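There are 2 protein chains.
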Amino acid sequence: MKATGGIDLGGTKIQAVVLDAEHAVVGQARLPTPRDGGGPAAVAQSMVRAMTEATQGAGLDLADLDGVGVGAPGAVDSATGVVERSPNIPGWEGAFPLGATLSDAFGVPVAVGNDVDVATEAEFHLGAGRPYETVLGVFWGTGVGGGLVLEGRRWIGRGSAGEIGHMVVVRDGAPCPCGRRGCLEAYAGRGAMEVRARELHDAGKATKLFEIMERRGKERLASGVWAEALEKGDRLAERLIEGAVEALGAGIASAVNLLDVEAVVIGGGLGSRLGQPYVERILAAMRPHLFVTDQPPAVLLAALGDLGGAIGAALRSRSRTA
Amino acid sequence: MKATGGIDLGGTKIQAVVLDAEHAVVGQARLPTPRDGGGPAAVAQSMVRAMTEATQGAGLDLADLDGVGVGAPGAVDSATGVVERSPNIPGWEGAFPLGATLSDAFGVPVAVGNDVDVATEAEFHLGAGRPYETVLGVFWGTGVGGGLVLEGRRWIGRGSAGEIGHMVVVRDGAPCPCGRRGCLEAYAGRGAMEVRARELHDAGKATKLFEIMERRGKERLASGVWAEALEKGDRLAERLIEGAVEALGAGIASAVNLLDVEAVVIGGGLGSRLGQPYVERILAAMRPHLFVTDQPPAVLLAALGDLGGAIGAALRSRSRTA
Numbered sequence: 168m169k170a171t172g173g174i175d176l177g178g179t180k181i182q183a184v185v186l187d188a189e190h191a192v193v194g195q196a197r198l199p200t201p202r203d204g205g206g207p208a209a210v211a212q213s214m215v216r217a218m219t220e221a222t223q224g225a226g227l228d229l230a231d232l233d234g235v236g237v238g239a240p241g242a243v244d245s246a247t248g249v250v251e252r253s254p255n256i257p258g259w260e261g262a263f264p265l266g267a268t269l270s271d272a273f274g275v276p277v278a279v280g281n282d283v284d285v286a287t288e289a290e291f292h293l294g295a296g297r298p299y300e301t302v303l304g305v306f307w308g309t310g311v312g313g314g315l316v317l318e319g320r321r322w323i324g325r326g327s328a329g330e331i332g333h334m335v336v337v338r339d340g341a342p343c344p345c346g347r348r349g350c351l352e353a354y355a356g357r358g359a360m361e362v363r364a365r366e367l368h369d370a371g372k373a374t375k376l377f378e379i380m381e382r383r384g385k386e387r388l389a390s391g392v393w394a395e396a397l398e399k400g401d402r403l404a405e406r407l408i409e410g411a412v413e414a415l416g417a418g419i420a421s422a423v424n425l426l427d428v429e430a431v432v433i434g435g436g437l438g439s440r441l442g443q444p445y446v447e448r449i450l451a452a453m454r455p456h457l458f459v460t461d462q463p464p465a466v467l468l469a470a471l472g473d474l475g476g477a478i479g480a481a482l483r484s485r486s487r488t489a
Numbered sequence: 168m169k170a171t172g173g174i175d176l177g178g179t180k181i182q183a184v185v186l187d188a189e190h191a192v193v194g195q196a197r198l199p200t201p202r203d204g205g206g207p208a209a210v211a212q213s214m215v216r217a218m219t220e221a222t223q224g225a226g227l228d229l230a231d232l233d234g235v236g237v238g239a240p241g242a243v244d245s246a247t248g249v250v251e252r253s254p255n256i257p258g259w260e261g262a263f264p265l266g267a268t269l270s271d272a273f274g275v276p277v278a279v280g281n282d283v284d285v286a287t288e289a290e291f292h293l294g295a296g297r298p299y300e301t302v303l304g305v306f307w308g309t310g311v312g313g314g315l316v317l318e319g320r321r322w323i324g325r326g327s328a329g330e331i332g333h334m335v336v337v338r339d340g341a342p343c344p345c346g347r348r349g350c351l352e353a354y355a356g357r358g359a360m361e362v363r364a365r366e367l368h369d370a371g372k373a374t375k376l377f378e379i380m381e382r383r384g385k386e387r388l389a390s391g392v393w394a395e396a397l398e399k400g401d402r403l404a405e406r407l408i409e410g411a412v413e414a415l416g417a418g419i420a421s422a423v424n425l426l427d428v429e430a431v432v433i434g435g436g437l438g439s440r441l442g443q444p445y446v447e448r449i450l451a452a453m454r455p456h457l458f459v460t461d462q463p464p465a466v467l468l469a470a471l472g473d474l475g476g477a478i479g480a481a482l483r484s485r486s487r488t489a
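These protein sequence lines are chains A and B, in that order.
Quick note on my numbering: the first sequence kicks off at 168 and runs consecutively.
Quick note on my numbering: the second sequence kicks off at 168 and runs consecutively.
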């Protein structure tokens, strides 16, 4: 059996999958991303462990894998497998040869790509983007990431394309975690929204967000926390999410005005958790800003959900070995 | 001698050129765009006249042209040569078969493209964009138009890509001539700036802009009017141009964050008239918004100036007949 591994390295979790020859997921495992200061080496060890568990879940050994792909956040050099920097992974400072380290551990070639790019490719090849040749992927989570497939080919520009989260939607606007102002992510990123929610909460505004967070045993306002607060009609959560939707509408419409893509696929932790009703709200928020009003792009919920990144990573390995 | 004609149809002028086999301009003519309500037919007649004059200036006859290309504003169907609508051309309502009409007049094939797209292609092939494979053209004039060449190929998406002027830089911001709010063009377009200047002037703010306009015998705040006011230290003009530069910085940086292009070429009436110092100011205004700070794209003044559109139109004819 031809089997390929894929690993999605996230700031809080490591997701591994095994794909069979038809790209079906036949095994998967999820581990927390180490936060104990062990740096990239410890992270790589956990990635090996997750991949091992996923392989066992498929009734296979690591030796059965013909290759492994990795999607990593931050500045990734796909040619060398080196992750230059990865600010969202605890303790990851400076460049680390992730591809070579994992390749030694697995005994097969390891392809490393940007996490958002591989997730976009997964949606393009196997998910919501399948009917289209030109797709913008928007991953709405802690940050807001973007990936582009133009006429069937990944578009990375000089290596850093897709930063839709740092398109300016309000010049001189709200502070963004990136240090700039007015970026889409400053309004729509879960990280920025949590900072704002804490400020408002500390200033005495009523919200159930932090109560829900504690009851769920979380340290952060995870996507499920936001979803529960919205279900319970929490006004502050609604207001912040509404602001996020408006910013996503303006930013995505701007990208569409520039590129005129056929389809936009909305994924990421918040996107996948809030689902179709919010995809429709994002489209509604785009409409007032679309220059060509009579043919908006298809705006679709990511079909592969949480596994998209790991599946896309495995596909990256396949395209390399194909 | 192999000679090709190119015509740039603008809201105020029609510019025609004749290119020789080496793409050098060997003849040119400029006529005002008819504003007497004759509609597209009258405009087409003036285009024939401009092309005839340019050909005579080159010591040639219309019969010597192997083809003619046209760059037209608005919604252009390159496959059929039909201009579906062209809001900036006086009296142009509804679709008009511009390509077929001119082809009958000239007796050669006529290629019709979008004016901004052909101007971008001219800068890519023969102008400031020559050293690069991936270029964003930004044409700063009455409106703000954009054109894209990605890895050597024109990018039009589903037909309407490049609308950088309608990327949102301030959500719920200033009204744009397009009817929306907060678009880049609402701050940087000469049309929107003139409206704002009139409002401020009518409200009693001091400015020499309208005095200069009248002395120059213009009915509008042409690019030369703005340039003279800036030279004379007109505070209101400086303030509005500064706002335009800031908006261009945010909008172009957003486009760069999304696409990571190698080069940005700044042209258009205002861009060409204000020149290199303002290109540098635009780059400075982009910097605070660029996600990858250590490798900004090259930001360059358009090299073909006023003739870029007509030259690009002729190139479009050549690529069609090549």
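The hints are simulated quantities; they were obtained by calculation from the structure and are not laboratory data.
Since the structure is predicted, the reported quantities are computational estimates derived from the model, not experimental observations.
Among these hints, one or two may not hold up.
Each pair of labels, with its calculated beta carbon distance range [as the list claims (entries may be wrong)]:
(1) B:244 / A:451: 52 to 62 angstroms
(2) B:258 / A:373: 32 to 42 angstroms
(3) A:246 / B:202: 55 to 65 angstroms
(4) B:486 / A:246: 25 to 35 angstroms
(5) A:373 / B:252: 30 to 40 angstroms
(6) B:320 / A:242: 20 to 30 angstroms
Built from N, CA and C at the ideal position, the CB exists for glycine as well.
Each hint tested on the structure:
no.: 1; hint: B:244 / A:451: 52 to 62 angstroms; result: violated (30 angstroms)
no.: 2; hint: B:258 / A:373: 32 to 42 angstroms; result: violated (59 angstroms)
no.: 3; hint: A:246 / B:202: 55 to 65 angstroms; result: holds (57 angstroms)
no.: 4; hint: B:486 / A:246: 25 to 35 angstroms; result: holds (33 angstroms)
no.: 5; hint: A:373 / B:252: 30 to 40 angstroms; result: violated (51 angstroms)
no.: 6; hint: B:320 / A:242: 20 to 30 angstroms; result: holds (27 angstroms)
Checked against the numbered hints above, the structure violates hints 1, 2, 5; every other hint is satisfied.
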